[in-house]
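From first to last, the protein sequence lines stand for chains X and Y. If you count the first sequence from 1, position 76 lands on 76 in my numbering, and the numbers rise without skipping. To convert, count from 1 in the second sequence and add 1000; that's my numbering.
Keep in mind the hints are simulated off the structure, nothing from the lab. One thing to keep in mind: the hints can contain errors.
Said to hold, decoys possible - A few chain X positions that, by computed beta-carbon distances, are all more than 10 Å from chain Y:
1. R59
2. L166
3. A211
Stated by the list, open to error - Short, incomplete list of chain Y residues facing chain X, as computed with Cβ under 7 Å:
4. G1300
5. D1301
6. M1307
7. G1309
8. A1310
9. S1311
10. H1398
C-beta atoms are modelled at their ideal positions from N, C-alpha and C, and glycine is treated no differently.
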Amino acid sequence: MLDTAGLRHAYPGNAPIAFPDVALPQGGRALLRGPSGSGKSTWLGIVAGLLTPGAGRVRAGGVEVTALAPRERDAWRAARLGFVPQRLHLSASLDVQRNLALPYLAAGERPDEARIASLLQRLGLAGLARRRPQALSVGQMQRVAIARAVLRRPALLLADEPTASLDDAAAAVVVRLLDEVAREAGATLVIATHDARVVAALPGAAVIGLAPADRGADHTAEAS
Amino acid sequence: MSWARLAWTYLWARPLATVLNLALLALGLGAMSFVILAGEQIERTMQRDLAGIDLVVGAKGSPMQLILAGVFHLDVPTGNIPATSVEALRGHPLVGRVIPLALGDSLRGHRIVGSTPEYLQLYDARLAAGALWSKPLEAVLGADAAASTGLRVGDTFIGVHGLGGGGEAHGDTPYRVSGVLERSGTVLDRLVLTSVESVWAVHEQATALDDEDRRALEAEREVSLLLVGYRSPLAAVTVPRWVNAQEGLQAAAPALETARLMRVVGVGADVLRGFGVVLLLAAALSVFIALTNAVREREGDLAMLRMLGASPARVAALVAAEALWLAVLGAAAGLALGHGLTHLLGFALKAERSLPLTGAWWSPTEAWVPLLAVALALVGAALPAWRAFRLDVMTLLHRAA
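Bound-form chain X, shown alone (with noise of 0.2 Å):
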């Protein structure tokens, strides 16, 4: 489950954004939606626990991660959360498999080599694990950043404009993915998109709306 109750944030110099509270079942979908600048990635970032809200908390899969320190949300977030990037953000000093073990790395595990493998097969990448992401067409590069936040089984999987630069059929695809790899790993979905692909895609899921900027609230290096 995912919920959020009375979010604020403010940066310095600027009007404070306040969130609508959300309650989601655990394995329970929603669409994070709202214009540029309305605070979708400083959400993303505060659910993530990166970032230490201004007022208000945030449970997900029964942790109160706004009361965690900032090392235990570390840690939380290595063992409980899922997140694919829009830019997908994949190393490209590093091949598949060793991109794919940053995870296990990073919660300061040995890499699962068989829970690797069989995601690349799951997701039709068997073959690729010795290339290079600069070597893979986008789909497969996306698919490869599925894998990497859906590895270690999160409780919450958040995906930032997963469909911004895809085709239709792409797009379709991406989602239907997600919806998929987040039901066998039991977690929550949420999805950051202004596409309406995606809210056509995903029918059933809850929306986060946010609500735009105020005059010179435009800060949150929102890109998308």
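Model the placement of chain Y on the given structure of chain X, informed by the hints.
Relative to chain X, chain Y alone:
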């Protein structure tokens, strides 16, 4: 995969910068290690050669030259002194030991030194084969001299006039090898040793016109230098003054002169050390620039590691680990370079029958080399690691990769 492995992979993801950093580190550390190795070996050799010699006495001239000629056999003597001066010095109440050295001939660059068995005892020399000389024109070879000439016990050889070689050969008076010394790590290794009488005999045979002339020469017998050991520390005050007051005699205190010599040699070492310091500063700067660029290029990767749950300290440590790899590789390359250079110099000096120097010897001081490498790498990595520690993860994950 481990963090160390990840740091290694990142290190070699930018091979040019890594090779440049390694080269700078290796050159700087190599220079340091060379100064340590060469300096300490030369100093040790000198200390060993000086053992038991409190004063060197010779003909008037430069005291430094007396030491170089008499103790280290690196220079020609200042001249000769009458053989009677041996007895004169032995008669002095504060003098314990007087070892005469008669120089003048050489065998393929190895000096033939006429002396007494006491000279060998000075360095605790032991025979590897044969026996000490028992009559004139018998000689004992030092280990290096035996190795480079290939002479064995029972062989004969002919000395050449002059210390450098290429002089007139004393063909009428061949020496016979009576023994070969064990390697002692001292100046003896490079010498051919015989009795003072042998040297006299060779020269009288070479220069005497007839028997009367020979008797005249015998009456004027000379030695080149005297190595003096004191009976009491008090002697250091009075004996040199007493010697210098004698006509034609000059005293040189080895402790004083070698200190002067090391100061002269030390200037060269200081220049090389300074050069090494400059290289190492350049290396630290280069590591800093390379890692700053690496962190900037890799901000996305590092932010993703943070998102995956790595703590800021872990991510900073990853950057530091890259620098540590550089330090480890740089230290290994630097030590190899330092030992290689020392060995090369050792070869060159051996060809000149000069000081023994080897790259196969390790100084405890060299432990500073890897420590220095680690310290430099960490200094260079400090700011980049700090930047990695303070990454703005959300902004970076949002930015174009």
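Item to check | Index of numbered hints that the structure contradicts, given in increasing order | outcome: Failing hints: none at all.
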